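Asker: If you want the building blocks of each chain, they are given just below.
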Amino acid sequence: MINHEIPKADKVNIRDMIDQNQRGQSIRRRIERLIPSFLAIIASLSVLTTVGIIWTLLSETVEFFKRVPFLDFFTGTVLKPLSQNPEFGVLPLLMGTVTSSLIAMAVAAPIGLMAAIYLSEYAPATVRKVVKPVLELLAGVPTIVYGFFAFTFVTPLLREFIPSLQATNILSPGLVMGVMIIPMIASLSEDAMSSVPNSMREGASGLGATKLEVTRKVVIPAALSGIIASFVLGISRAIGETMIVTIASGSTKNFTFDLTQSMQTMTAYIVEVTGGDAASGSTVYYSLYAVAMTLFVFTLVMNLIARAVSKKFREEY
Amino acid sequence: MKQLNEKQHIRRTKRRLFLNRFSKSIFMLSAFFGLFFLAVLLVKVVTEGIGSVNFNFLTGKLSTQPERAGIMGAILGTFWLMLVVAPVTMFVGVGTAIYLEMYAKKGRLVSFIQTNISNLAGVPSIVYGILGLTIFVRVLDLGNIVLAGGLTMSLLILPIVIVASQEAIRSIPFFLSEASYGLGATKWQTIQRVILPAALPGILTGAILSLSRAIGETAPLVVIGIPALLIPFPGSIMDRFTVLPMQIYYWTLDASLVAEYANLAAATIIVLLVALFILNSTAIIIRNKFQRVF
Numbered sequence: 024m025i026n027h028e029i030p031k032a033d034k035v036n037i038r039d040m041i042d043q044n045q046r047g048q049s050i051r052r053r054i055e056r057l058i059p060s061f062l063a064i065i066a067s068l069s070v071l072t073t074v075g076i077i078w079t080l081l082s083e084t085v086e087f088f089k090r091v092p093f094l095d096f097f098t099g100t101v102l103k104p105l106s107q108n109p110e111f112g113v114l115p116l117l118m119g120t121v122t123s124s125l126i127a128m129a130v131a132a133p134i135g136l137m138a139a140i141y142l143s144e145y146a147p148a149t150v151r152k153v154v155k156p157v158l159e160l161l162a163g164v165p166t167i168v169y170g171f172f173a174f175t176f177v178t179p180l181l182r183e184f185i186p187s188l189q190a191t192n193i194l195s196p197g198l199v200m201g202v203m204i205i206p207m208i209a210s211l212s213e214d215a216m217s218s219v220p221n222s223m224r225e226g227a228s229g230l231g232a233t234k235l236e237v238t239r240k241v242v243i244p245a246a247l248s249g250i251i252a253s254f255v256l257g258i259s260r261a262i263g264e265t266m267i268v269t270i271a272s273g274s275t276k277n278f279t280f281d282l283t284q285s286m287q288t289m290t291a292y293i294v295e296v297t298g299g300d301a302a303s304g305s306t307v308y309y310s311l312y313a314v315a316m317t318l319f320v321f322t323l324v325m326n327l328i329a330r331a332v333s334k335k336f337r338e339e340y
Numbered sequence: 030m031k032q033l034n035e036k037q038h039i040r041r042t043k044r045r046l047f048l049n050r051f052s053k054s055i056f057m058l059s060a061f062f063g064l065f066f067l068a069v070l071l072v073k074v075v076t077e078g079i080g081s082v083n084f085n086f087l088t089g090k091l092s093t094q095p096e097r098a099g100i101m102g103a104i105l106g107t108f109w110l111m112l113v114v115a116p117v118t119m120f121v122g123v124g125t126a127i128y129l130e131m132y133a134k135k136g137r138l139v140s141f142i143q144t145n146i147s148n149l150a151g152v153p154s155i156v157y158g159i160l161g162l163t164i165f166v167r168v169l170d171l172g173n174i175v176l177a178g179g180l181t182m183s184l185l186i187l188p189i190v191i192v193a194s195q196e197a198i199r200s201i202p203f204f205l206s207e208a209s210y211g212l213g214a215t216k217w218q219t220i221q222r223v224i225l226p227a228a229l230p231g232i233l234t235g236a237i238l239s240l241s242r243a244i245g246e247t248a249p250l251v252v253i254g255i256p257a258l259l260i261p262f263p264g265s266i267m268d269r270f271t272v273l274p275m276q277i278y279y280w281t282l283d284a285s286l287v288a289e290y291a292n293l294a295a296a297t298i299i300v301l302l303v304a305l306f307i308l309n310s311t312a313i314i315i316r317n318k319f320q321r322v323f
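These protein sequences, in sequence, are chains A and B. All you need for my numbering is the position in the first sequence, starting with 1, plus 23. All you need for my numbering is the position in the second sequence, starting with 1, plus 29.
Note that these hints are calculated values from the structure, not bench results. Don't take each hint at face value.
What the hints assert, rightly or not - Partial list, derived from the structure: chain B residues whose beta carbon lies under 7 Å from chain A:
# : residue
1 : V117
2 : V121
3 : I146
4 : L180
5 : L184
6 : I201
7 : F203
To be verified - The list that follows gives simulated cross-link-like pairs (lysine-lysine, PhoX-like), each with its CA atoms no further than 25 Å apart:
#  : chain 1 : residue 1 : chain 2 : residue 2
8  : B       : K216      : A       : K234
9  : A       : K335      : A       : K240
10 : B       : K318      : A       : K334
11 : A       : K234      : B       : K43
12 : A       : K155      : B       : K134
13 : B       : K73       : A       : K155
14 : A       : K234      : B       : K36
15 : A       : K334      : A       : K240
16 : A       : K103      : A       : K89
17 : A       : K234      : A       : K152
18 : B       : K134      : A       : K334
19 : A       : K335      : B       : K135
20 : B       : K73       : A       : K240
21 : B       : K73       : B       : K135
22 : A       : K240      : B       : K90
23 : B       : K53       : A       : K155
24 : A       : K152      : B       : K36
25 : A       : K234      : A       : K155
26 : B       : K43       : B       : K53
27 : B       : K43       : A       : K152
28 : B       : K216      : B       : K134
To be verified - Here are the computed distance ranges between Cβ atoms for each label pair:
#  : chain 1 : residue 1 : chain 2 : residue 2 : range
29 : B       : N85       : A       : V101      : 31 to 39 Å
30 : A       : R46       : B       : L212      : 16 to 24 Å
31 : A       : R46       : B       : Y210      : 37 to 45 Å
32 : B       : K43       : A       : A129      : 31 to 39 Å
33 : B       : K43       : A       : K240      : 31 to 39 Å
34 : A       : G304      : B       : I313      : 28 to 36 Å
35 : B       : E196      : A       : N36       : 47 to 55 Å
36 : B       : A150      : A       : R52       : 35 to 43 Å
37 : B       : R41       : A       : L125      : 36 to 44 Å
38 : B       : N85       : A       : E183      : 19 to 27 Å
39 : A       : F93       : B       : K216      : 35 to 43 Å
What you are looking at is a predicted structure, and each value in this text was computed from that prediction instead of being measured. We put the beta carbon where it would ideally sit given N, CA and C, even for glycine.
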């Protein structure tokens, strides 16, 4: 710290004061020089995280593919990691992941988009002020709570209508996952639609179009890139979702199209293997990383597509 | 030129207007569907769980008998976990945001870091769990203690904190920092005494919201391997621990064998949701009360 105290009037020495000030400044200057590099080190942590993820996944995945041929993994329809003659086909897991994500999107895409249309085109400001925070609340509910709800409420409810439904099945977590994704799609699509300039709506209305026609033929085409991006992000979210499917879809490694059956997703497999204390160094242990790598690549590609879509096809006004 | 067929025209207009009204109500139903679902979920959880929420449940230890089980251990575990996550994410998150907004020259490096951060935000939480399991639990050999879980969780929510802090810093108008520079303050002095205090409400709001994400997150901790066993209350960040979502997870799984566990899970969900509600309300209050609009 600099000493601002002024010496007694009879022996004011300007030289001393200047010296003192300069000493303070040199410390300050040193801090000033050090801070940027210190902050740069902190900022590089996020890059390190990415490097860490890729390095961990890659190194162990390479080890896995030394034991299990690449093609067997990606074309195998049987996954029996713990049997006498273990088989490591990832297709049952992919099936589970894709099926649950498709069910989720079948719920989330139409409802989310229509909710977004309502909020952006129809709702009065007061309604919007209430509905948007509630949707945010829905997005803030922990996924484990959704899992509990799917397992103890939605599945028993669905079984009233579909008697053949198993206690753990892919349908119920898929539906609940869809509800979980609605807020995300609604809010992203609404952002895209709100950014369509009003002059375009007014132009169409002036030509005699009804509100629905304005929405369908002007607003949605103009906001399409943002809407598609929100769908893709929704899929990515569904692929990475873990707890709902782990709880409500069980751990049967089924390769089937039957939605009433238990199917395991990639994420649920990771939970099962890590929970089962697979011995470090066993093939099962390495399969964990191969599956995680597949999952990582899937979601990464989805996110990149979403970014590319919203960047490339955005219409500028 | 063909004349307009009046009848046909009227019919078509009527149809268009009907479609318009009809679709409006469908859009409205979709928007309120979320509200409806949330209500059903809350009713289900509360009716199933409220009977189990009592003093003994809140302050008791885990037990093998459902009627004697308590969740104090999980509450304390969540608390200790936050004690690791909050400082780490604030420090690293705000530091990164300051670097990106104030120091780094806009260019390839910044856009690379920025892209990297938004990609990290899209990585599934379970992948962070695997990272934590490999790096913190195995390589650094910490074991499944609070510190390992906390660091994993910190990495998970870091992108959110960084982005929120960046937005908060960016929203500080130039004239504030220019006034500070004009008075002879250095860059760091300006950041320390002008920008950070002004951006603090925004930063805190983002940080609290991301903390509430961390409190509810389960997947990374499942992967790290939080035991379902009865463990003593955690007393430091080096102890083994369990958290509320983990307890919900185990009890939900147990519910298929013993029905009472469903009540315990629901009761724990009530506690978790109340905690989240308090956190989020705090964030909203901070945002509304302290955020100045320039």
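Asker: Mind listing which of the numbered hints don't hold for this structure, in increasing order?
Answerer: 1, 4, 6, 7, 8, 10, 12, 20, 21, 22, 24, 27, 29, 31, 33, 34, 38 and 39
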